[in-house]
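Asks: Each chain, written out:
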Amino acid sequence: MDFTFTPEEEAFRKEVAAFLEKEVPQVYREKRLTFFDMSAQPDWIKVHRVMAEKLGAKGWISKHWPREYGGQDVSPFHRLILREELIRYHSPGYDAIGAGIVAPALMLKGSEEQKKQHLPGIASGKEIWCETLSEPGHGSDLASIEVFAKEESDCFVVNGQKIWTTNGHFADWNALIVRTDREADPNYRGLTFFLLDMKTPGITVNPVINMAGHHDFNEVFFDDVRIPKENIVGGLNKGFYVVMSLLDYERTTDPVYAMAGTYLSDLAEYARENRLLDPLMKNRVAQLRADYEIARLHHYRVTWMQSRDMVPNTESAMNKMVSFELLQRVSEFGMELTGQYSQLTEDSARVPMYGRIPSCYLRSFGHSLEQGTSEIDRDVIAQRGLGLPRLR
Amino acid sequence: MDFALNEQQEMMQTLARDFLTGEYPEKVLRAMAADEKGYTPELWKKLAEMNLLGLSIPEEYGGVGDFLDLIVVLEEMGRVCFLNPFFSSVVLGASAIIEAGSEKQKQEYLPGIAEGKTIITLALTEESAKYTPDAIQTRATPQGNDFIINGTKLFVTDANVADYLICVARTRETDNPQNGISLFMVDLKMPGVSCNPLKTISGDKQAEVTFDNVKVSGDNVLGEIDEGWPRVEKVLQKANVARCAEMVGLAQQALNMSLDYAKERIAFGHPIGAFQSIQHRCADMLIDVDGSRFATYQAGWRINEGLPAASEAAIAKAWVSQACRRVMNSAHQVHGAIGFTEDHILPFYTKKARASEFSFGGVDYHLEQLAVEY
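Order-wise, the sequence lines are chains A and B.
To convert a position in the first sequence, counted from 1, into our numbering, add 725.
To convert a position in the second sequence, counted from 1, into our numbering, add 267.
Don't read these hints as lab results, they were simulated from the structure.
Please read these numbers as outputs of a predicted model, since none were measured by experiment.
Among the clues, some could well be false.
[To be verified] Calculated Cβ distances over 12 Å to all of chain A for the following chain B residues:
1) Leu-455
2) Asp-493
3) Gly-540
4) Gln-546
[To be verified] Stretch by stretch, here's where chain B covers chain A in the computed footprint (C-beta under 8 Å, at least three residues):
5) 1008-1016
6) 1042-1052
7) 1094-1103
Where a beta carbon is used, it is the ideal one built from N, C-alpha and C, also for glycine.
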């Protein structure tokens, strides 16, 4: 048992903090932007790319990767520390999809050529990714997806529509899963995973604006989009297994507890300055502070498992759900704390905290839906973790 | 960062689990809940022979292992809903002596605890049932080289079978209630000490202990006179984390029983565990059990390392109490009406969980401690 970081990890945290102290745009820190609501800033994409390339130049995005892929083979707690500090400094720049999900999945399932082609780009912060998994008719029931790729001599030709594609409007590459066999039984054995250059002709990206008014999502249309066969990951009709490991990474990469913790501290500071912390509110803050600690430990557990080359699965689902639901509660608490002021938008007179409060709250409705709904998480925990029988 | 038990801790876990599974089946639990003393000398002797009564007592006083070994064993005790003076003597009595006692007092009392010859408990709580220093109203008035103790202590665990109790009393009136508190080692056979049982829902043994002009020698002051409260706080920190460890065990077992039942109980042609309403409850239970364990281990680890642990202990006690309550409620819902009967073992767990939650400060008390940060 050990609940501290190593001296080397602590030193890394200090190094990252000193760097961010200088590099993060002042307005991002002043407004205390949060990971899930900073995309509403007009210059966000530009700042995100600039910061990503700076982190890449430092070698930090890939620091925990094996040496053969350009990393320094240090513990995955370095990834966690980097992201905790980015959140504490209200900084964009970490491509949660490319660096967080696609890179580890490629290391596990990709061909040598695919690794050589993409890992350096992701490590440099220059190659930004999106993923197209869900479809208008299929979200949680991923195995039923319908977008079809027809095999031709040298490529597959994709037609159909995907949706909820975060960052699809500026990503360079796309992790795509489509149907390649309509007769497969069970249906998940007819899916194939592709890497797709977003500059390929035939791709149309339209914005889908969420209820917080942010443009994160897109719908993506494929009209005779031709993908070379060498872009298949994990083998023809074996894409579902790639997606499953992708989702395990997705549920462990974002330190959502840290977003909740930073936002809670910011709210508490605002409350203190404005004398809002009566005993009842103090009790609420303390409760969320305790909940934060538990969420943090759930996340540290999965990171620790990864540091020991164990593959967290149910543990990832637990981690993801605990953290995201905590962030929802903290976001709701912000509304209660500020009462009528919580309805004021960022451009309104008398708005508290630059409009963070409604922005985070409205965005938080997505937290129990994204990366698999809380219901799917609970299914995973009960069936795979606790061995309870399946009805279907 | 390391979430795994080390070899020694794994060994203690296996040892304790095997022993308790064999020695403490439901039949014995029921007997002990009904029994006036609440333990048998035979089982106590076996605990001593296995060195379990010396857990976390330093080796030079006849003990073995550290605080984390004790935490691991307490978790196993929680799994069988262990009703026994173990907690009173090994956690409360021994910790108070380790934290407050002089070298001579440690040599005098700790080996007896480890060998199972002496049972020592803590008399702290009073009528207010609070764990703040102002709650200490029992007076110890100096008289020559002696002290005369007057007052009433409540919820004193296992006072009915203890040889000594450590009485927390006020020795000086001060503006700051933290100052002027001292700890006394009191022989329960002393004239003026009377002990009346408080009957509890969980079947553990608690008592009201009255001190009526009890004369104790100045040699029986544990540690420094008037300087006792910071020591009490240390003991409370350990006691709270130790309670958490028990609750982790209680919750883990309640989850295990619920899973077994959900897999075998058939309704509408399926095991009820195949229904999402049951599955999602069980998933939440697992999250609560694991989260409770992490919080407990983190606080226990910090105490064991000698690091500041006030926040971590408060977080653990507040959160584990709530989580354990949720787990018990869900366990009852999964079990349906059969778990609502006295014939089922589940109510023992529910009752002990509630008793554990309130001892050494409930949820709101610990959240208040935490709120000091804001």
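Asks: Does the claim that Asp-493(B) lies outside the interface with chain A hold up, using a Cβ gap greater than 12 Å?
Replies: About 31 Å separates Asp-493(B) from the closest Cβ of chain A, which puts it past 12 Å; holds.
Asks: For the stretch 1042-1052 of chain A, do three or more residues have a beta carbon lying closer than 8 Å to a beta carbon of chain B?
Replies: It holds, with 3 qualifying residues against the three required.
Asks: At least three residues with a C-beta closer than 8 Å to a C-beta of chain B: is that true for the stretch 1008-1016 of chain A?
Replies: Contact hint for the stretch 1008-1016 of chain A vs chain B: holds, 7 residues under 8 Å.
Asks: Regarding the assertion that Leu-455(B) does not contact chain A, is the least Cβ-Cβ distance greater than 12 Å?
Replies: Nearest chain A Cβ is 37 Å from Leu-455(B), so the label holds.
Asks: Gly-540(B): least C-beta distance to chain A exceeds 12 Å?
Replies: 4 Å, violated
Asks: Under 8 Å between beta-carbons, do enough residues of the stretch 1094-1103 of chain A, three at least, approach chain B for the coverage claim to hold?
Replies: holds (count 3)
Asks: Measuring Cβ to Cβ, find out whether Gln-546(B) lies farther than 12 Å from everything in chain A.
Replies: Incorrect as stated: the minimum Cβ-Cβ distance to chain A is 3 Å, not above 12 Å.
Hint check: violations occur at hints 3 and 4; the rest are consistent with the structure.
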